[in-house]
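Here is what each chain is made of, one letter per residue.
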Amino acid sequence: MISGVRVFEAAGGVLVVGGGPAGMAAAAAALRHGARVTLLEAGYDLGGQYWRHLADERRGAHEHRLHHGWSTFQRLHEEITGHPRCDVVLGGSVWAIDRHDDAPPVVHVMVGAPDGTDREPRSYTPDRLILATGGQERTLPFPGWDLPGVFTAGAAQALAKGERVAVGQRVLVAGAGPFLLPVVSSLIRTGATVVGVAEASGRRRLARGWLTRPWELASTSSKAGELGGYLKDLVRHRVPYWTGRTVVAAHGTDRVHSVTLADLHPDWTRVEGSERVVEVDAVCVSHGFVPRTELAVAAGCQLDEQGFVITAAGQQTSVPNVYSAGELTGIGGADLALAEGEVAGTTAAGGVPRPSLIGQRKNLQNFAIRLESAHGIRPGWQTWPDPQTMLCRCEDVTVGELRDIAAKTQSRGLRSLKLTTRAGLGVCQGRTCGRNVEDLLSESLLPAGRTSYRPIATPVRLGELAATITPEREDPLP
Amino acid sequence: MGPQRLPATQDPVAPRDSGPLTITVDGAEVTGQVGQTVAGLLLGAGRVSWRTSRTGRPRGVFCGIGVCFDCLVTINDIPDVRACQRRATEGDVVSTEPPVREASA
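So the protein sequences, as listed, match chains A and B.
Numbering follows the working numbering, with no gaps: position 123 of the first sequence is 123.
Count along the second sequence starting at 1, add 1000, and that's the number in the working numbering.
Check each hint, because a few of them may be wrong.
[As the list claims (entries may be wrong)] Listed next, with one range per pair, are the computed distances between beta-carbon atoms:
#	chain 1	residue 1	chain 2	residue 2	range
1	B	1009	A	193	16 to 22 Å
2	A	242	B	1055	33 to 39 Å
3	B	1027	A	253	20 to 26 Å
4	B	1012	A	228	28 to 34 Å
5	B	1009	A	379	45 to 51 Å
6	B	1079	A	304	35 to 41 Å
7	A	305	B	1007	47 to 53 Å
What the hints contain is simulated information worked out from the structure, not anything from laboratory work.
From the three backbone atoms N, C-alpha and C, an ideal C-beta is built for every residue, glycine too.
Isolated chain A (complex conformation):
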């Protein structure tokens, strides 16, 4: 227990952190199996990034047009929010987790408006903890990627779905993975013109990943339907889809006005002489997703070689009474997150998952393996940045500086690397640059996911922290 912080509320039961597909499915399943459930979500609404939607006051009459599986969201939402044994806490940011050898972790939360000063401090002592904190996009650095007008594809998606704002009027979408396609559809439905989609993986690799053993895909046919809808949008709006091509530079002074596209070899190194410039006022880039593991790391959960949380058959982590579901355990999309969440909620509540649910999870895990083999990041990206390319956006550390300083100081640990290079030392605490730093330094130096170690999981104001100290707990002065 952090000294001096009072236990505001002891929840008992099952505490679920994260209100996206995995967390919602976990909460609903735990309720069905008789548990008392607290569902914590940092944002204003349930749904996560997948079902990011308009605020209640602006709820759209045809919102399903922007979402896949909207009826699933509505069903889960109704099941959870109307349940007498469920406490849904919105605006709840977990900022620390205390580990205990003989008891489940204690979860410290600030409840209130994001980044506020007068949030309500709470500490939860659950019997079982389910972490469903999801993933975030990984964007590989290239010259000009820090120019305003360059967004993650997820930003375009969030602004389109949650705000009905298009990030630009002539937009290029680039990166790797099927996630680029719904982003195109969202942009089109928000009034933008998409000038093209550049998928970094080449045709042969895509075919090897997706067209081999097609019978395995039969059980994930809802995904084929989803994909078909997005492809229809590409055709109808004559959006070119290029493979083996990506953005290698963005140009502008205060904002992006054009980008350079280049063809890529199978290892993602550039094909020299293939460059061409395209005029845009926005570019949306996503090279895949990484798990948001700071809470899992804080709880002591073991990670695998790729930085994902290791789970057993019932979604148990290596820490007793701590479960994990969704993108934390591997990038597989919302359907896998829903299945894993349902398993986690069931086992955390003492139930046994149905065999059909286990089978469904297995099929969707195979889908995740295909995703990685067809679209996973290749090491050739490290030739895109030049030494002046910004790496850490908060501290303005360049790729050249990181390499030089790391070589000169021979820093071996994460802390000394951060202090000497300043990469990951700014406001985002390495959330954006961490994985790229790990890659650019030698593998043995920083294993995948190491930069997710953040004992303070989200910024908390000293004033708020001070206000949580009760007078009777203060040590008397000598």
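Based on the hints, put chain B in the right spot on chain A.
Leaving out everything else, chain B in the frame of chain A:
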């Protein structure tokens, strides 16, 4: 050219009219709809950047989901608020640079 809010009359999603909302940003009025975030209002008004990094490079929204902290603003004298995570409320006073603190005597 730049970011643009889709007018409700052209919107296939048909959002409910939640009523207008006005905030001031560095002294200028910016109007949006109730339920929008501060970042949504700023982008809807055509702005792509509103602060600078340590070395003076322009920054605005990058990740849109609260991860990158590129979109920080000061709201009602509270510094370091992620514009993409905070919903605007009527009359919010937004400053795009941190507040100047008076040195204590």
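Okay, the hints, checked on the actual structure:
no., hint, in the structure
1, 1009/B to 193/A: 16 to 22 Å, "19 Å, holds"
2, 242/A to 1055/B: 33 to 39 Å, "34 Å, holds"
3, 1027/B to 253/A: 20 to 26 Å, "25 Å, holds"
4, 1012/B to 228/A: 28 to 34 Å, "19 Å, violated"
5, 1009/B to 379/A: 45 to 51 Å, "49 Å, holds"
6, 1079/B to 304/A: 35 to 41 Å, "39 Å, holds"
7, 305/A to 1007/B: 47 to 53 Å, "49 Å, holds"
The structure fails to meet hint 4 from the earlier list, while all remaining hints are met.
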